[in-house]
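Participant: Each chain is listed here by its residues.
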Amino acid sequence: MPCPFRIKYNGNYYCGKRIPLECSPEICPFGPETWIEIAKKDRNVQKVWVMPKYEIMDVDDAFEIAKANPKIYLVKSMSFKSQR
Amino acid sequence: MSLQEALSLIKFPKEEKGHNCRIVIIDTGINPDLPVEDALNLTTEGIEDRENHGSIIHGLIHSILPEAKIYFIKVPDPLPDYKLITALNEALKWEPHAINLSFSLDMPSDGSDPASLYADHVSKKASVVIAAGNSGPRYMTVGSPAAGKEVIAVGGYLSKGYIWKKTSRGPTLDGRWKPNILAPTGINFMGERQYGTSISAPFATVLAALLMRECKSPFITRRIMELTAFPVSLKYAKKRGKKKTAKQFRRLIEAIQIISDPRNITGAGLIQVEDAILYLRYFLSLFSHS
Chain B
127 MPCPFRIKYN
137 GNYYCGKRIP
147 LECSPEICPF
157 GPETWIEIAK
167 KDRNVQKVWV
177 MPKYEIMDVD
187 DAFEIAKANP
197 KIYLVKSMSF
207 KSQR
Chain Y
13 MSLQEALSLI
23 KFPKEEKGHN
33 CRIVIIDTGI
43 NPDLPVEDAL
53 NLTTEGIEDR
63 ENHGSIIHGL
73 IHSILPEAKI
83 YFIKVPDPLP
93 DYKLITALNE
103 ALKWEPHAIN
113 LSFSLDMPSD
123 GSDPASLYAD
133 HVSKKASVVI
143 AAGNSGPRYM
153 TVGSPAAGKE
163 VIAVGGYLSK
173 GYIWKKTSRG
183 PTLDGRWKPN
193 ILAPTGINFM
203 GERQYGTSIS
213 APFATVLAAL
223 LMRECKSPFI
233 TRRIMELTAF
243 PVSLKYAKKR
253 GKKKTAKQFR
263 RLIEAIQIIS
273 DPRNITGAGL
283 IQVEDAILYL
293 RYFLSLFSHS
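In order, the protein sequences belong to chains B and Y. Okay, so the first sequence: first residue is 127 according to the numbering used here, each after it adds one. Okay, so the second sequence: first residue is 13 according to the numbering used here, each after it adds one.
So that you can see chain Y by itself, here it is in the shape it has in the complex (with noise of 0.2 Å):
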């Protein structure tokens, strides 16, 4: 699907352009030809993306939110949990309204290995906003730092209701359901076809930064997030002339006594911008005293 119809899936308002919202980057390095408002460099290298997924995020989150103030930290693709924990301290200086982070692992997690620790703690001041993964559909497979029980782990949508079939599975280790929400894949942006939980993240980043922008609470943008979804039905694109066998019904009998909920798969469904501001609005009002 093009960037146009993914944005009308996730009913994206047409009018808004991101003014005064701040969105850190962690990734593999930026697109030289987009701005960016400050960068830093964890790696030995230039600033500059080798491995052609930084800077695809970094696009896709300035095509989104052209008036955005987008900070990058550069990271190394393995990106070793240490250097991690130091980059998510680092985005801090920024005061971001939130952080994209498409990067993770298939390790299951029950939220206490120190990088899920440190994301929920970041997590605290701006919404996180981490791909929950590319491995499934086993079950068991959004690992650290997409575990953490304050961030956003965000899942695989493609277009006409299906499910990305790679996408990472809950619950975590300790019974939590995984991911939170759905976001769009299957993108055709900058001359491909960009798959992955990375190209959905950057959707859900978007509007963490709008909800969080106007709320200044990562819980109660996280919440909202959740709430708002539209809930997406268990079915996946089919594979044309190949047809379930024996093995694989066994294996989805097996796998239904470890998930027993969907959310493990759909989350809390796919993400719903307007939505989601209208209910924050209304949530505020409620508040508020004039």
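With the rest of the complex left out, here is chain B (with noise of 0.2 Å):
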């Protein structure tokens, strides 16, 4: 089960809602039990979200942005899939 908040930037991974903190178990707002269950995995993604503006960007400049602004968090792009 990946994290939608887990963001890999210059080789690290970041914690998208608390940014520029490094995702650990330590920082994960929802409790190193469940960090455990949602790091194992990973999907990486070209672009992000940057919300709660409703952009939708490259990492990087996502990245940038959010360091910039505390109230700024970002998530993975996803796409869903019919449940048949």
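Source of the hints: derived by calculation from the structure; they are not laboratory data. Among the clues, some could well be false.
Unchecked claim - Straight-line distance between alpha carbons at most 16 Å, and here's what the computed EDC-like set of lysine to aspartate or glutamate pairs gives:
(1) B:Lys207 <-> Y:Glu63
(2) Y:Lys161 <-> Y:Asp186
(3) B:Lys167 <-> Y:Asp118
(4) Y:Lys228 <-> Y:Glu107
(5) B:Lys179 <-> B:Glu190
(6) B:Lys207 <-> Y:Glu238
(7) B:Lys166 <-> Y:Asp118
(8) Y:Lys23 <-> Y:Glu286
(9) B:Lys207 <-> Y:Asp118
(10) Y:Lys161 <-> Y:Asp132
(11) Y:Lys26 <-> Y:Glu286
(12) Y:Lys95 <-> B:Glu181
(13) Y:Lys161 <-> Y:Glu238
(14) B:Lys173 <-> B:Glu163
Keep in mind it's a predicted model, so treat the numbers as computed, not measured.
Using the supplied hints, reconstruct the complex from the two chains, each of which is provided in its own coordinate frame.
Facilitator: Shown next as structure tokens:
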């Protein structure tokens, strides 16, 4: 179960909810037990959402925006599948 | 089970035909033999269904509520999140009572991802009913957009009191229980047995549309669907000849720490249409001045 907020940038993993902090059990907003489950696997993405602005852009640009504004958080872009 | 058996399981009143209900289906294409009031195509191909998915959802809803006005938005499968947001936004122009979305993802969420947030926004105006997903029995698999706080996530229920094993489980990343309710799956329809929470969602959409037609409040609709749902016990259809291994028991014990709440598997229970309508009428009568 990959985490939608675990963002890979310059070879390191960051918490999209707490940029510029690196993803780790200590800072995980969902707790260290949940972190063990959701940090096991990852899905790399090219684009991320800059929230709550609803803007989609490359990780590099989004990271700089999030670093400058603590109210902004990043979420991986995703695709949904029909459930049959 | 047959469609008639599924409808009797959820106590669907036979006289109800869905007159004046407006339902939007966001899916992979229409069934050309069935009526639609209006349609929108967000793909580069024709509006007909090539995936054999949207036409089944369309057929199910039309079979249950033949007089309901059905609107359709064709989307690609897989469906990118930005396109889902466009589809949800476009759906509102028809002022629907309910929106059926049989698309989901097993990536857990706390409801703050764009698709869940936008589905919550749309849920202020229409009931948004979403398939919980088919990634069970793993926990924390109800993902976006079913993880939204205001949407109705629908899990699968087999006949004879069994939960469909592959129904995605809660909780959400922020600890809320999901799915919200269960509805039948494993239906013999269009010459095949249809499984998946995609098949469950239309039953809940139909009920949401009927309630919304009377109360016009997606919040009240969702709460009444949950309050009148029939509790379902935790049992699964057993596979013959297979015994539980020590490994399976160990997994179960580990999972108890994560779930701790059976609603993360069954939600509030199996929807009960007649009870929900009666409860809503009673509820509305309390606030009427006549």
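Participant: Could you work out which of the previously given hints the structure breaks and list their numbers from low to high?
Facilitator: 6 and 14
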